[in-house]
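Residue numbers (numbering that gives the first Met the number 0), protein chains in the order written: chain P, 0 to 427; chain B, 0 to 427.
Hints are not guaranteed to be accurate.
What the hints assert, rightly or not - Straight-line Cα separation of at most 20 Å, SDA-like style, residue types lysine to any residue; simulated pairs: (1) K192/B / L142/P; (2) K416/P / A56/B; (3) K102/P / E149/P; (4) K416/P / K192/B; (5) K35/P / Y295/P; (6) K23/P / K226/P; (7) K416/B / Q101/P; (8) K416/P / E421/B; (9) K419/B / E417/P; (10) K416/P / Q101/B; (11) K187/B / R309/P.
Stated by the list, open to error - Only some residues are given here: those of chain B computed to face chain P with a beta carbon under 8 Å: (12) L197; (13) R264; (14) C303.
These aren't lab readings, by the way, just hints derived from the structure by calculation. All values reported here derive from a predicted model rather than from experimental measurement. Ideal Cβ placement from N, Cα and C applies to all residues, glycine included.
Protein chains: 2
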Amino acid sequence: MSRYDVVVVGAGVFGLATAYYIKKENPKSRIVVLDKFGGPGQGNSAKSAGAFRNIFASETNFLLADSTIDFFAHVQGKLGHDLGLSFHGYLWLLTETGYRNQKESFSLMERRGVSMRTFEKEDLHKRMPDLADFEKGDEEAELMGLEPVERGVQGLKCGSLDVDRLVRFYEAEFKKLGGEVHYNTLVKRLVLKPTRELGLPREPLVWQDAYVAGVETARGEEVYADKVVVAVGAWANTLLNPIGLDAFMRPKKRQIFILKDPKLRNLFRAKSFNKEGVVPFTILPKGGVFFKPEVYEEALWVGCADNIGRAFELEDDPQPELSYYTGNLYYELVRYFPCFKDVQPINMFAGQYALNSIDKIPYVFEEANMIYVGAGSGSGVMKCDALGRIAAALYSGEKEAILYGGQTFKVSNISVKERKIEKETFVI
Amino acid sequence: MSRYDVVVVGAGVFGLATAYYIKKENPKSRIVVLDKFGGPGQGNSAKSAGAFRNIFASETNFLLADSTIDFFAHVQGKLGHDLGLSFHGYLWLLTETGYRNQKESFSLMERRGVSMRTFEKEDLHKRMPDLADFEKGDEEAELMGLEPVERGVQGLKCGSLDVDRLVRFYEAEFKKLGGEVHYNTLVKRLVLKPTRELGLPREPLVWQDAYVAGVETARGEEVYADKVVVAVGAWANTLLNPIGLDAFMRPKKRQIFILKDPKLRNLFRAKSFNKEGVVPFTILPKGGVFFKPEVYEEALWVGCADNIGRAFELEDDPQPELSYYTGNLYYELVRYFPCFKDVQPINMFAGQYALNSIDKIPYVFEEANMIYVGAGSGSGVMKCDALGRIAAALYSGEKEAILYGGQTFKVSNISVKERKIEKETFVI
Chain P
0 MSRYDVVVVG AGVFGLATAY YIKKENPKSR IVVLDKFGGP GQGNSAKSAG AFRNIFASET
60 NFLLADSTID FFAHVQGKLG HDLGLSFHGY LWLLTETGYR NQKESFSLME RRGVSMRTFE
120 KEDLHKRMPD LADFEKGDEE AELMGLEPVE RGVQGLKCGS LDVDRLVRFY EAEFKKLGGE
180 VHYNTLVKRL VLKPTRELGL PREPLVWQDA YVAGVETARG EEVYADKVVV AVGAWANTLL
240 NPIGLDAFMR PKKRQIFILK DPKLRNLFRA KSFNKEGVVP FTILPKGGVF FKPEVYEEAL
300 WVGCADNIGR AFELEDDPQP ELSYYTGNLY YELVRYFPCF KDVQPINMFA GQYALNSIDK
360 IPYVFEEANM IYVGAGSGSG VMKCDALGRI AAALYSGEKE AILYGGQTFK VSNISVKERK
420 IEKETFVI
Chain B
0 MSRYDVVVVG AGVFGLATAY YIKKENPKSR IVVLDKFGGP GQGNSAKSAG AFRNIFASET
60 NFLLADSTID FFAHVQGKLG HDLGLSFHGY LWLLTETGYR NQKESFSLME RRGVSMRTFE
120 KEDLHKRMPD LADFEKGDEE AELMGLEPVE RGVQGLKCGS LDVDRLVRFY EAEFKKLGGE
180 VHYNTLVKRL VLKPTRELGL PREPLVWQDA YVAGVETARG EEVYADKVVV AVGAWANTLL
240 NPIGLDAFMR PKKRQIFILK DPKLRNLFRA KSFNKEGVVP FTILPKGGVF FKPEVYEEAL
300 WVGCADNIGR AFELEDDPQP ELSYYTGNLY YELVRYFPCF KDVQPINMFA GQYALNSIDK
360 IPYVFEEANM IYVGAGSGSG VMKCDALGRI AAALYSGEKE AILYGGQTFK VSNISVKERK
420 IEKETFVI
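Please model the complete structure; the sequences and the hints are all you need to start from.
Laid out in structure tokens, this is it:
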């Protein structure tokens, strides 16, 4: 049995960022991060599409992402840690209907001062000659339920980063301060204790005050701590549900297909969207299909944030399915970008979103002495720095966290009990 | 393959009330209710504690329950169907701290015009001589973390009913109008179809518009309908999650222990709380432990709505555990009511709440052509009539439902997307 001030379960982006900020503010505290994998971010952090954006409809998601992106730029630009950042932008391809539906959100973001620009149809085709030009009434497109792209909207403070480098950055900073990380250590359960033990069987009994006193690992070790932080992403319900708590998220499988082919070179090398001269992260009009440039590899990553039809289920090691690309995403891709015709993925991988299906905003709250940081909802990487700071503020009993850049954030806004009510409508 | 206007999955209180009101407003519609059990309400409706109250902190829960209780009274009093109603009241036993915490909620309810009365300590002990009279500082109580009861608050429009008779009432009325009910028919999955089929494998593909077209039973039958209603309580995620939808609830086991003993007769026969001369449904100060009179049996039912420590998990046939009574609830019961000493349950049963762990308010919403009625959160029976009317209004495309008694209710208030934001703090 060992004893710490804080045990953090999970060495993904949330767990490591949280451990780092708690340690930074409490340098004398003994803090340990436990993770079932062999290295940092090997759960779903590493399986992320590795992209970031500050284009969100909700003020909360905007603040979390915007400040985290500023921190990324600071780490790479000022602290000299190469995170593989590229501000290539996000480009939404919008049909007439799609534009109408999102128009209000775009105006809201403009009023917020978010950097973005809109391309009318003709301009867009000039910048992106590979985009198919079909008309309303095109028979095949109509049969597929697809409409022509009428506009593009590009978010500029958006791009890609190397998530592996990001988690290693937080891990290194945490360790530099004296933090411990134990890998290959699966936490099996949270240990619930009564505040006053009576020596009766099955304590805590219903009428006793109970709290999370520590964790038990798969090797049967018990690790006790004054505070337990749970940051295990898609696995959160396996720890919270057995003690009667809800992680307010559902796991949903996500896949990335990597394509590299001379036929795609022209699309990849779109000139006028960013200084790298690459195509932005591009979202197709329907079903959440997207591609993004892997800037240093001259490759395109294709993915999809499908919704209805894709099960909520937890898989320990989700596998990509080639047929999901070739017999599904492919049809829409080729309709809008004929250059994808007959191009096969050279590689693929799968991971899982920890999706908050209610408001698509993450959760940080404390219950029974446990702090939960989760429900990243597919945009956890790009919010990790803000969430780490908020969880650390909660740990210290502060009502407000100070995000990178100095903006304050009310900690309870992303709790359960005093949640600020907003809904994120801008989901990919 | 068969085809209906509406398929309702689940013949519990929600499914039958919904089927009845849809049929009532659409007398020519062909409507079928499917259920895996052999009769109405055999899932968790029958496992309910069979109690009702209009004491809720949230306006929404109050309206749902209050109008449903009025309907119960109407059915028994005017329509002549004996539902086994007894308005014996609910009695909250409050410590100084408990009273302070709920004081604001009680004032709110008084302003709402809810019938209730408060008993000061001395008065309460006169009415309930079996209530132990210990002082602050009592060593055993302090060790257990229990404080003396200082006040009682009784809700008067609260009591018990026979849930079996209630579900049979809705079933009979539905059948009288020509509705069909098929028992022993387990629905295995919801059938998702693209709005325009292309004959490709694995449709609907991500870029196709998809809708729930019907259901498939365990016997492999497909039943198609213009609208599918899912009202399967604790099992809702097994149908919704595979198609990527969330039922916004988690199952939590609940148990009832039945006690009948000469030692309890005096407690049971409390004279001055109601016209039946029985003890009210009584909630102990801590941990959600309660007992209620089974009026016609001279028995007491003991239960507990425990929270932390009780797992969220779905069991197909949850079993009661005697040790949960004897080695857990018993200690608090005996501390406050020594007459329970050495009394053993003569019977017991278990069921499950479908708990909305966020706001403890039920859900009615439509998504992909499926109407979901669920997340009763342990107070589904006492809200079933209102929820049936709201689901029927949603089916008819009405923005407002008319509850029993004439009060209108905005249908979207209990949806996902336009949910009225409230939080129920008055949970048992």
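These are the hints, each one checked on the structure:
no.	hint	verdict
1	K192/B / L142/P	holds (15 Å)
2	K416/P / A56/B	holds (15 Å)
3	K102/P / E149/P	holds (13 Å)
4	K416/P / K192/B	violated (38 Å)
5	K35/P / Y295/P	violated (31 Å)
6	K23/P / K226/P	holds (16 Å)
7	K416/B / Q101/P	holds (16 Å)
8	K416/P / E421/B	holds (11 Å)
9	K419/B / E417/P	holds (15 Å)
10	K416/P / Q101/B	holds (16 Å)
11	K187/B / R309/P	holds (17 Å)
12	L197	holds (7 Å)
13	R264	violated (25 Å)
14	C303	holds (5 Å)
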